[in-house]
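Asker: Each chain, written out:
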Amino acid sequence: MRHIISILIENESGALSRVAGLFSARGYNIETLTVAPTEDTSLSRMTIVTSGSDDVIEQITKQLNKLVDVVKVVDLSEAPHVERELMLVKVRAAGKDREEMKRMSDIFRGRIIDVTETTYVIELTGNSAKLDSFIEGLDKDLILETVRTGVSGIGRGDRILKI
Amino acid sequence: MAVNMLLTGAEIVIRCLQEEKVEHVFGYPGGSVLYIYDELFKQDKVKHVLVRHEQAAVHAADAYSRSSDRIGVALVTSGPGVTNAVTGIATAYMDSVPMVIISGQVPTHYIGQDAFQECDTVGITRPCVKHNFLVKDVRELASTIKKAFYLARTGRPGPVLVDIPKNITNEKCEFDYPETVTIRSYNPVVKGHSGQIKKALKLLQEAKRPMIYTGGGVILSNAADKLTTLIRMLGFPTTQTLMGLGGFPATDRQCLGMLGMHGTYEANMAMQQCDVLLAIGARFDDRVIGNPDHFGEVKRKIIHIDIDPSSISKRVKVDVPIVGHVPEVLGELIALLEESTVKVDSKALSAWWSQIEEWRGKDCLRFKQDELIMPQFVVQKLYEVTDGDAFVTSDVGQHQMFAAQFYKFDKPRRWINSGGLGTMGVGLPYAMGVRFANPEATVACITGEASIQMCIQELSTCKQFRLPIKIINLNNRYLGMVRQWQEMFHGNRYAESYVDALPDFVKLAESYGHVGMRIERPEDVEPALRKAFTTYKDDLVFMDFITDQTANVFPMVAAGKGLSEMILAEDL
Ligand SMILES: Cc1ncc(C[n+]2csc(CCOP(=O)(O)OP(=O)(O)O)c2C)c(N)n1
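Chains A and B, in that order, are what the protein sequence lines are. Numbers 1 to 163, taken from my numbering, label the letters of the first sequence in order. Numbers 1001 to 1572, taken from my numbering, label the letters of the second sequence in order.
Hint data in this document are derived by calculation from the structure and do not stem from the laboratory. Owing to the predicted nature of the structure, the values given are computational and were not obtained by experimental measurement. Warning: the hint list may mix true and false statements.
What the hints assert, rightly or not - Heads up, simulated SDA-like pairs for lysine to any residue below, C-alpha to C-alpha not over 25 Å straight-line:
#: 1; chain 1: A; residue 1: K66; chain 2: B; residue 2: G1516
#: 2; chain 1: A; residue 1: K66; chain 2: B; residue 2: R1126
#: 3; chain 1: A; residue 1: K62; chain 2: B; residue 2: R1315
#: 4; chain 1: A; residue 1: K90; chain 2: B; residue 2: K1199
#: 5; chain 1: A; residue 1: K62; chain 2: B; residue 2: P1309
#: 6; chain 1: A; residue 1: K66; chain 2: B; residue 2: S1313
#: 7; chain 1: A; residue 1: K66; chain 2: B; residue 2: R1156
#: 8; chain 1: B; residue 1: K1191; chain 2: A; residue 2: Q59
#: 9; chain 1: A; residue 1: K72; chain 2: B; residue 2: G1516
#: 10; chain 1: A; residue 1: K140; chain 2: B; residue 2: S1313
#: 11; chain 1: B; residue 1: K1531; chain 2: B; residue 2: G1516
#: 12; chain 1: A; residue 1: K62; chain 2: B; residue 2: G1516
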């Protein structure tokens, strides 16, 4: 099962490597990992998408909690939440493809944020599945480059992750 | 002290150690720690023990902690000093031993430039410490050291490393040792959940075939007294892990001995067949319960008390988890039990005990002492000669298992060995650490001719500090435990397990200024031991026992097998 783990962690050098090291040492997988400081600059918030049986996820949260730098851990996917990922795609946009690219971008509510005579850079936000289907919908030969941020997530309503 | 008196980082390090009441530091100097050594030189409250290899410094500090409830401290230089220390740190980490390691680092402005004797200490040690720090500002030095001691001893204990760049040790700031520490991200639980403890009691009182299984957590948390009270009140059988020996008196009838890969028949059978299992400060590891699926075939209710939630339901699903400091939880359990009027099912219990006595009747540790010295026999005699009251360290191999099986530990912190990592070479430096922590104690190191050679250089440290350790070398000319596996699982192909070109250990010991003895006949075993512990009481005696090369450790649960699928000596 896919899980989205959110972590509040001390914003200190080396903290990221403690988390990454834990995952590799114990053989847990990381699909995506994002990290950035929060409004309280002494804290960073990390979002990790991982997968595993309930037992494995339980161990992951326990092991994360054991790290001295980790302040809080929640499994976002346990309750209602929203998740978003941002992707930038550079596509070939020349001749007949130019119109098609514009159309695809519109359908997926993307934005074209860079234009040259032969290329577009399309910005797209959504959950990971939406970004995947956008990529699948494009002609492979026209994709020049993609970059994704990995998932960020937040609980719905009153679920708040804060100290 | 004047309010704004400035101290150098090196002075601060020493002041912090004094504040922590550290009496001994085990270490080895080098470029990046020279300012610290200079300050050590200028005072005499903190004594430095110069080892001959940094690995031994860390092992000695580790045993200092294990054999007392103080915290061992090791001091090593950057680069090779640190890499030599890693084995020691990982060894302590696997057994959750509290310890503080101070390492030198190249100056801050050199970090990352591949400077002479630079290594990424924080990176290299990260997976084998509870936590580590790189001090980047002298003003944070004192509070960091305070945190290191606090982290090492609280919660699930473990080694904590503080990496200090050389320039920091020579920069100045005001010294103020904080009295308390708060780390917002670190709040170990102490008290167990009362509701869960009540549930546990209920299960225990309803049990028909109860069993109490305890580990190193009982020793580390100083819970042996409470554990003993509880077990005696309940009248249940108990077993200890390799790390838990001494948590309950081994000579008590209620004790079924050690369990696990080389556990007793009765302990393993009772563990497998019980209907209610109380696990305390233990972690169901592979050497203890064997194959978890096989263990799960018998349905039983499991109560698990541990300070570390991640140890609970890791390998075996638990019914009643209780996270808390073991003595606190046991105290609460005892109080509830005292108040309780519930009667246990004494009929079921006495049937269970007769079953256990039948298993015990197999006498699974039996061995025959013929013309060659049996290693078990030496340990038995050592037990007699020392009145069961020595501190015993061991290395890793068959001799370690014989020591665990045949030396009956009645007290905690007397049995010092590397359980989790299984590190050959710990025996002698462990004995040193024990002796510094317990200056009057009788200390024996049970070892093998291979293990002892992994830290043999420490014979020199022992001479310098006049440590009257008794080394019991069970010399079978083989990597015995490796040979046993090759005999049993690899068609008697003894690949590289013969220990060739052995030194003359008697002469070797003598060359370091110690007493050496070689014992070749069974009838000489006891007299030699007596002589070592009386005539040579104040000397280090290296006793080289030439033992039967074919002796194997039984019972044995082969890797991957179920706990009750033991191979017994009588089966062969
Ligand atoms: C540092 C290290 N290297 C290798 C091993 C694997 N190993 C486990 S027991 C053993 C043999 C130990 O031989 P010895 O010290 O003579 O003890 P014996 O088993 O013969 O009693 C070896 C090589 C280990 N535990 N530690």
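Asker: Looking at the structure, which of the earlier hints fail to hold?
Answerer: 1, 4, 9, 10, 12
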